[in-house]
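*Asks:* Sequences and hints are given; from them, build the entire structure.
2 protein chains.
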Amino acid sequence: MAEVVDVRARVLAANEEAAAQLRRDFSESGALVLNLISSPGSGKTTLLEATVRALGGRLRLAGIEGDIATERDADRLRALGIPAVQILTGGACHLDARQVRKVIDEAHLPGFDILFIENVGNLICPTSYDLGEDFKVALVSVTEGDDKPFKYPAIFARAGVTVVTKVDLLPHVTFDLAAVKEQLASLNPTGKVVLTSARTGEGIPDWCALLEQSLAVKRKAMA
Amino acid sequence: MAEVVDVRARVLAANEEAAAQLRRDFSESGALVLNLISSPGSGKTTLLEATVRALGGRLRLAGIEGDIATERDADRLRALGIPAVQILTGGACHLDARQVRKVIDEAHLPGFDILFIENVGNLICPTSYDLGEDFKVALVSVTEGDDKPFKYPAIFARAGVTVVTKVDLLPHVTFDLAAVKEQLASLNPTGKVVLTSARTGEGIPDWCALLEQSLAVKRKAMA
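Respectively, the protein sequence lines represent chains S and R. Take 1 as the starting number for the first sequence in the working numbering and just add one per residue. Take 1 as the starting number for the second sequence in the working numbering and just add one per residue.
Calculated directly from the structure, the hints in this document are not laboratory data. Hints are not guaranteed to be accurate.
Unchecked claim - One side of the interface only, derived from the structure: several residues of chain S facing chain R at Cβ under 10 Å:
no.	residue
1	Thr-45
2	Arg-72
3	Lys-102
4	Cys-125
5	Thr-143
6	Asp-147
7	Phe-150
8	Asp-168
9	Thr-174
10	Cys-208
Everything numeric in this text was worked out from a predicted model, so none of it was measured. Note that CB positions come from ideal geometry on N, CA and C, so glycine has one too.
*Replies:* Written out as structure tokens, the structure reads:
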């Protein structure tokens with residue numbers, strides 16, 4: 001259906017333009033912006049909670065939470081004292097740059113060093129929509145099976161960082177971590193991989209160090 | 001964007017027509033057809049493997065597997081001796097009725113009592129596309145968190161059966177089963193809920209009994 005393809009191309013082009021403007025604005029303000037993408041239930045909000053607990057004292061953090069329904073994820077971040085805005089997509093399976101623009105323009109988020117944009121839980125649709133982020137973060141939990149990078153290659157190929165979550169459950173599931181690392185290396189040779197458990201705290205310092213280093217590199221490049 | 005809405009409405013209308021024809025054809029042949037929908041990694045293929053082991057001796061089973069990439073899921077079913085066809089969607093986040101039609105017309109699947117259509121791993125997009133099934137089966141694993149029905153209400157409201165998978169992991173995760181059952185009852189008062197672990201076999205007999213009973217009810221209604 002060529003008609004569908006045309007409309008989709010125009011929607012994506014409009015999104016690219018809005019994303020480019022967001023990227024310029026985020027860079028001017030010296031903020032690092034991440035776009036977190038995974039299946040529902042891979043642990044995006046839980047990773048952010050652990051991140052706030054570890055970094056909230058020394059960096060200004062903020063969140064934009066994308067969901068089909070419920071304010072639950074923004075509530076979880078606000079409960080930890082960081083500003084968070086929920087975007088309800090009304091059925092759409094991804095956030096787009098104009099929704100993020102509207103939040104930035106209207107929601108009066110206070111100044112932030114790092115903005116976490118948590119996309120709608122979906123490994124497919126969010127992949128094509130640039131939100132002006134510095135890089136995408138893909139999450140995959142060890143309970144989802146070790147075939148996921150090759151089954152959903154687009155997001156794992158484009159993610160600056162892949163976080164393998166829930167590693168505390170490795171003793172209880174069948175999950176070949178080496179195979180997943182090989183798939184990731186093949187799809188995305190320059191992407192970083194971090195192993196975490198929000199429950200035990202394993203890997204959270206590595207993840208936070210990576211965030212602080214990325215922020216420092218960005219600010220140095222702009223100075 | 002009214003234009004997008006128009007195109008989407010036409011795509012959905014064409015799908016409805018193809019699905020209605022499929023439903024007539026499936027009913028004429030006396031087959032039960034299920035459309036399995038969940039996040040990536042909730043255990044759709046693993047549930048089907050357990051089902052084939054339990055029922056394959058006395059019913060003719062077949063599978064259609066939807067994925068973005070890889071033939072892996074169809075291979076897993078074929079390895080158990082049941083006919084399975086892989087549909088690669090080329091990036092689309094759901095199967096549609098015309099893809100199923102094409103498989104039925106061209107793939108020369110042998111006669112089946114139950115056809116399992118395993119949709120692309122996604123809790124959102126597949127919800128709107130009728131595939132001519134008797135009912136949708138939604139899966140949610142206990143590792144995904146106990147907020148999922150309310151966060152993805154459309155699929156859980158429409159599923160004839162919700163299968164809660166990986167219950168063997170309940171001792172190792174935070175998951176309020178009663179809360180999930182309440183969400184499901186509120187969204188879908190007539191839907192059935194089955195708890196399973198493909199690893200321990202728990203609940204697989206209940207699931208298989210439900211399938212056999214649904215097949216018997218359908219055949220009786222047609223007799």
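*Asks:* State for each hint whether it applies.
*Replies:* Structure-based check of each hint:
For Thr-45(S), the suggested interface contact is upheld, since its CB lies about 9 Å from the closest CB of chain R, less than 10 Å. Restraint check, Arg-72(S) versus chain R: the minimum CB separation of about 6 Å is within 10 Å; hint holds. Checking Lys-102(S) against chain R by beta carbon gives a least distance of about 15 Å; that is not within 10 Å, so the hint is violated. The restraint placing Cys-125(S) at the interface with chain R holds, with a minimum CB-CB distance near 6 Å, inside the 10 Å limit.
Interface restraint check for Thr-143(S): the shortest CB-CB distance to chain R comes to about 4 Å, inside 10 Å, so the restraint holds. Proximity of Asp-147(S) to chain R holds as hinted, the smallest CB-CB distance being about 6 Å (cut-off 10 Å). Satisfaction of the interface hint for Phe-150(S) is found here, the shortest Cβ-Cβ separation to chain R being roughly 5 Å, below the 10 Å cut-off. Here the hint on Asp-168(S) is kept, as its CB sits about 8 Å from the closest CB of chain R, short of 10 Å.
Interface restraint check for Thr-174(S): the shortest CB-CB distance to chain R comes to about 8 Å, inside 10 Å, so the restraint holds. The interface hint given for Cys-208(S) is violated, since its Cβ lies 23 Å from the closest Cβ of chain R, which is over the 10 Å cut-off.
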